[in-house]
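**Q** Chain residues, written in single-letter form:
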Amino acid sequence: MRGETRLWLAQRASAAVLALCVLVHLATIVYAVRGGLSGAEILARTQGNAAWFAFYSLFVLAVTVHAPIGLRAVLGEWLGWRGRSRALALWLFAMVLYALGMRAVLGVFA
Amino acid sequence: MKVRVKRGEAFQQFEVPREPSQTVLDVVTHIQRHLDPTLAYRYACRVGMCGSCAMTVNGAPRWTCRTHVDKVVRNDELTVAPLRNLPVIRDLVTDMRGFFDKWARARGQFQGARTRSEDFARVAPQSEKRGFADAAIECIGCAVCYSACDVVAWNPDYLGPAALNRAWTLANDERDTQQAARLRAVAGDAGCHACHTHLSCTERCPKALSPTAGIAGLKRAVAAAALRGEL
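In the order they appear, the protein sequences are chains L and Y.
Everything in the first sequence is counted per our numbering, starting at 296 for the first residue and increasing by one.
Everything in the second sequence is counted per our numbering, starting at 2 for the first residue and increasing by one.
Among the hints, erroneous ones may be present.
[Stated by the list, open to error] Cβ-to-Cβ under 7 Å is the rule here; a few derived chain Y residues that face chain L:
1) Trp155
2) Asn156
3) Ala188
4) Gly189
5) Asp190
6) His194
7) Val223
8) Ala224
9) Ala227
10) Leu232
Source of the hints: derived by calculation from the structure; they are not laboratory data.
Being a predicted model, the structure only gives us computed values, none of them experimental.
Think of the CB as a built atom: it goes at the ideal place given N, C-alpha and C, for glycine as much as any other residue.
Model the full structure from these sequences, guided by the hints.
**A** Rendered as structure tokens:
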């Protein structure tokens with residue numbers, strides 16, 4: 296039960312981070328592309344920017360924490376999938392999410 | 002009016018005369034007394050106190066003794082079935098043992114520290130905790146909320162709105178001595194954190210209570226205890 300409570304807290308905390316990250320993310324997109332931007336122009340602005348690198352690394356981390364915990368409830372309640380095998384599958388899912396997310400972050404901001 | 006009553010897997014149809022101020026319980030009683038004496042259903046007080054007559058009426062769980070036919074009848078038709086999320090014993094009668102066992106599992110028993118030779122505990126009527134307890138205390142244990150809850154349907158171990166509502170009243174009872182043990186009992190996969198805040202219990206509660214608000218309170222209390230390392 297302590298584990299369940301920790302998961303709940305982690306999901307709440309990551310949701311708070313995500314709420315902020317998504318807002319900043321969307322606002323930045325809308326603001327940056329007002330006049331039209333090419334892929335090369337975007338990369339010229341983002342690559343090597345440490346602040347944005349840190350921001351999107353946090354974003355990916357929050358997704359990695361948040362999504363598997365939510366999926367955990369869906370799998371348990373809709374498919375009746377609980378126990379060790381579900382935990383393993385979700386760890387795998389989290390690692391895939393983190394890897395894909397950080398691959399994009401490294402590509403755009405590193 | 003046409004009344005369809007669920008009996009086992011099938012529905013049986015009856016023709017019941019409409020009366021002024023007729024309740025759904027009156028309808029079921031009419032069927033049992035005049036049309037088919039083998040129909041099984043449960044009731045006791047008939048005035049909304051005992052919590053024994055809840056059934057599924059036109060798809061929604063309701064206390065039948067206080068539900069007027071006028072309010073729920075559609076096209077002169079009524080469908081009556083047993084409560085959802087509970088095993089059916091026969092016809093409209095459900096086995097409520099699992100429901101009440103969960104109250105016990107949620108530490109729904111009051112346990113104080115005083116003996117009968119001591120003075121009464123004095124609880125400030127205006128205190129915040131007393132307000133929370135007052136708001137949740139009028140539960141009659143009818144299982145309407147339990148039947149309305151989707152999380153109970155998906156996770157049969159889930160304690161459910163009524164048991165958690167009871168735990169919340171005691172969590173706000175300053176005389177009770179089992180606070181930490183109760184928070185441990187309502188944490189976990191089967192406890193308050195499983196609630197998705199669908200509000201079906203609050204929507205359906207015949208006493209207009211909000212188990213959802215109590216469960217949210219328990220989530221906060223359990224999380225705070227976990228952060229303090231007391232869980």
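**Q** Run every hint past the structure and note whether it holds.
**A** Here is what the structure says about each hint:
no.: 1; hint: Trp155; verdict: holds (4 Å)
no.: 2; hint: Asn156; verdict: holds (6 Å)
no.: 3; hint: Ala188; verdict: holds (4 Å)
no.: 4; hint: Gly189; verdict: holds (4 Å)
no.: 5; hint: Asp190; verdict: holds (5 Å)
no.: 6; hint: His194; verdict: holds (4 Å)
no.: 7; hint: Val223; verdict: holds (6 Å)
no.: 8; hint: Ala224; verdict: holds (6 Å)
no.: 9; hint: Ala227; verdict: holds (4 Å)
no.: 10; hint: Leu232; verdict: holds (5 Å)
Against the hints set out earlier in the document, no violation occurs for any number.
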